[in-house]
Amino acid sequence: MTSPTSEKAGGFASLAAGDRVAAQLYTDPEIFDWEMEKIFYSTWVWVAHESEIPEAGSFKMSHIGLQPVIVNRDRKGNFNVLLNRCRHRGASVCEVPKGKANGFTCPYHSWSYSLEGNLRGIPYPDGYEGVTEKRDLPLQRLRVESYNGLIFASFKPDIEPLEEFLGDAKIWIDRFMKQGAGFPVKVQGEHKFRFNGNWKIQLENTTDGYHFPIVHRSWMASVDAETADMLSFMTDENAVTHALGNGHSVAVMVPEHVDLEEDDGTEELQERFRHIIDELSKTMPPEQVRRIIRSMHGAGYNLNLFPNLSLSMSFFRVLRPISVNETEIQHMALGLDGGPESVNRERLRIHEHFQGPFGFGTSDDSEAWDRVQRGAVANPDMPILVNRGLGREVTVDEGWKTSHVTDETGMRESYAMWKRMMSDEN
Amino acid sequence: MKTETVEEVAAIDNRPALQPFDLGLGRLSDPLVGRAIELIWREAQLLDDKDYEAWQTLYTEDGKYVIPVDPDTEDFESSLNMVYDDARMRHMRVTRLVQGYSMSAVAAARTSRTISRFTVEGITEDTVTLRSAQVLVGFKRDRFQMLGADLTHRIRFTGDDARIELKLIRLVNSDSAVNASGFLL
Ligand code: FES
Ligand SMILES: [Fe+2]
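As they're listed, the protein sequences go chains C and F.
In terms of the numbering used here, the first sequence opens at residue 931 and continues consecutively.
In terms of the numbering used here, the second sequence opens at residue 37 and continues consecutively.
Chain C with its partners taken away, still in its complex shape (with noise of 0.2 Å):
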């Protein structure tokens, strides 16, 4: 493959500008596969949460862009995350989504690995006497490092650690899993789709608060008032959006619920939630009700992590790759880990609301993010813009550039990093 860089007059950087990038973002093949290369096989790239994988043994099956691999804890409690191919002649070890196990035995000739992905047995070994030594032939394995429960992974054996490459969104990360109220959180379910448009489409949506009341009018007009209220950031200039550095971002749109530890006791409980409150109250001091159901409702924010994670209020969003023109997408569940089972119901509830293919906003979402895809084909000349509120645009104090949750601001720092690692010699 000749690279584009060399093609293109001006390389990929000459695609995206600070206000507005090319089309061909979204609908050139080419593009697609440098993305893989140089973003997803480049950085620290989200797998799995360490509530999916609890005990030695656990694993799951996860994407790193377009290759397969195993997510698992073994018996030192340290995750390994191996590709998902045999070092023989290449078939795949693991096709259980999730489960527990001892290692993995490849179906074709039964050479077997352990949990690290050491090669541990090759049946009728005579054959590779003086030719194959076991221990040259593990099973790929790749950089790992967790922070806060999330489990990140890089094919870069070299990568900066991750905590560099999180850098300010921690304080984020830190503040969303406050919604356990005392309780770890955990993974409580999931949906899946698939939609016909690109990833960076996706990636966008997630701190575009200006699509919200639009495509999600149906859901507005379907919850309480209270819930509807909540979300009116329309016109709330408390509701903002930082720009984090290397690509992430942070789409605040209940400020009242960036960190739920902090109460002024001013705040009604949602009415909607009364025959909870009454059920926790009969156990529970006043104070820890209060918290767990002002957490009812996820942190409010959706803080995007460049390329593949979301933090969204109450779940996980999950994007991976499929092709130039189609992206899987997962809405992860949260719950509270030992904690009320009534709560944690409620939480299912309000998540098979909006969430999923029949859900009550994504199935909007979806819809607008195929026509991206269709519109972008006509006139590639014509750029897709992301300028939003570039008027108003502030540096504050934690030096974030800021501005309201209806603006760009999080598309920018996203097509600066895409900008950023597309352009990397390396």
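These are calculated hints, taken from the structure and not from any lab test.
Model, not experiment: these values are computed from the prediction.
Treat the hints loosely; a few may be bogus.
A partial selection of chain C residues facing chain F, derived with a Cβ cut-off under 10 Å [stated by the list, open to error]:
no.	residue
1	LYS1122
2	ARG1124
3	VAL1153
4	THR1157
5	HIS1283
6	SER1293
7	ASP1294
8	GLU1297
Under the rule of at most 20 Å between Cα atoms (straight-line distance), these lysine to any residue pairs were calculated in the SDA-like manner [to be verified]:
no.	chain 1	residue 1	chain 2	residue 2
9	F	LYS176	C	ARG1279
10	C	LYS1030	F	LYS176
11	F	LYS100	C	ARG1279
DEER-style ranges, computed between Cβ atoms [as the list claims (entries may be wrong)]:
no.	chain 1	residue 1	chain 2	residue 2	range
12	F	LEU64	C	ALA1021	20 to 28 Å
13	C	GLU1191	F	GLU110	54 to 62 Å
14	F	TRP77	C	HIS1039	45 to 53 Å
15	C	LYS1028	F	GLY136	37 to 45 Å
16	F	ASN209	C	GLN1218	39 to 47 Å
17	F	ASP87	C	ALA1021	48 to 56 Å
18	F	GLY136	C	ASN1032	50 to 58 Å
19	C	GLY1268	F	GLY70	45 to 53 Å
20	F	ALA169	C	GLU1093	38 to 46 Å
21	C	GLY1020	F	ARG78	49 to 57 Å
We put the CB at the ideal spot given by N, CA and C, even for glycine.
Since the structure of chain C is provided, determine the placement of chain F with the ligands on it from the hints.
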């Protein structure tokens, strides 16, 4: 050539004889079952016609409409589902589908569904539970979509009236990617 009987085969490898397999086919001729199937087909037609307001009147007041994610679960309350509708949610869903604010509902695929392979799972004095297979073909913007599902309907009869008390839709791809659509199953 001599063919062994089921008992003889079982005796050879020492297993208990197989019980005759009951598909419930004998009961398909039960008049209540006939009325239940008629209702299920009527429902299918209303859904293909997107006549959601008429569709929701087919349900009992405490009726449930469920599309689970987990293929094995019976405990929908504590699992994440794609749809877990009681009357209130079903009513809101119908409003959303017909009021014109939802861009996916406005642009929903045209659908045609076939329901067959009925088996009788249970009959009481006033309920019939049927299992069936559904194949739905949808078409939207140059693309066909196919969705296969195993259905369970529990129909409640009150005098001349027959209504759906439970509809359980187990999509063959329920725990994999299921694409968003503006229509109902
Ligand atoms: S391909 Fe895995 S053992 Fe042969
Ligand atoms: Fe949305």
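Quick rundown of the hints versus the structure:
1. Proximity of LYS1122/C to chain F holds as hinted, the smallest CB-CB distance being about 5 Å (cut-off 10 Å).
2. The criterion of a C-beta within 10 Å of any C-beta in chain F is met by ARG1124/C, whose closest approach is roughly 5 Å, and the hint holds.
3. The beta carbon of VAL1153/C comes within 9 Å of a beta carbon in chain F, closer than 10 Å, and the hint placing it at the interface holds.
4. Checking THR1157/C against chain F by beta carbon gives a least distance of about 13 Å; that is not within 10 Å, so the hint is violated.
5. Restraint check, HIS1283/C versus chain F: the minimum CB separation of about 8 Å is within 10 Å; hint holds.
6. Because the beta carbon of SER1293/C sits about 4 Å from the nearest beta carbon in chain F, less than 10 Å, this interface hint is met.
7. Interface hint status for ASP1294/C: upheld, as the beta-carbon distance to the closest one in chain F is roughly 5 Å, under 10 Å.
8. Among the interface hints, the one on GLU1297/C holds; its C-beta lies about 4 Å from the nearest C-beta in chain F, closer than the 10 Å criterion.
9. Taken as a hint, the LYS176/F and ARG1279/C pair is broken in the structure, with Cα atoms around 29 Å apart against an allowance of 20 Å.
10. For the suggested pair LYS1030/C and LYS176/F, the alpha carbons sit about 41 Å apart, so the restraint of at most 20 Å is broken.
11. Distance check on the hinted pair: LYS100/F and ARG1279/C sit about 14 Å apart at the alpha-carbon level, within 20 Å; holds.
12. Distance hint for LEU64/F and ALA1021/C: a CB-CB separation of about 45 Å, inconsistent with the stated range 20 to 28 Å.
13. Between GLU1191/C and GLU110/F the C-beta distance comes to about 38 Å, which lies outside the given range of 54 to 62 Å.
14. At about 51 Å, the CB distance of TRP77/F to HIS1039/C agrees with the hint of 45 to 53 Å.
15. At about 40 Å, the CB distance of LYS1028/C to GLY136/F agrees with the hint of 37 to 45 Å.
16. Distance hint check: the CB atoms of ASN209/F and GLN1218/C are about 41 Å apart, consistent with the given range 39 to 47 Å.
17. At about 50 Å, the CB distance of ASP87/F to ALA1021/C agrees with the hint of 48 to 56 Å.
18. Against the hinted window of 50 to 58 Å, the Cβ-Cβ separation of GLY136/F and ASN1032/C comes to about 56 Å, which satisfies the hint.
19. Distance hint check for GLY1268/C and GLY70/F: the Cβ-Cβ separation is about 51 Å, which falls inside the suggested range of 45 to 53 Å.
20. Checked against the given bound of 38 to 46 Å, the beta carbons of ALA169/F and GLU1093/C, roughly 52 Å apart, lie outside it.
21. Between GLY1020/C and ARG78/F the C-beta distance comes to about 52 Å, which sits within the given range of 49 to 57 Å.
Against the hints set out earlier in the document, violations occur for numbers 4, 9, 10, 12, 13, 20.
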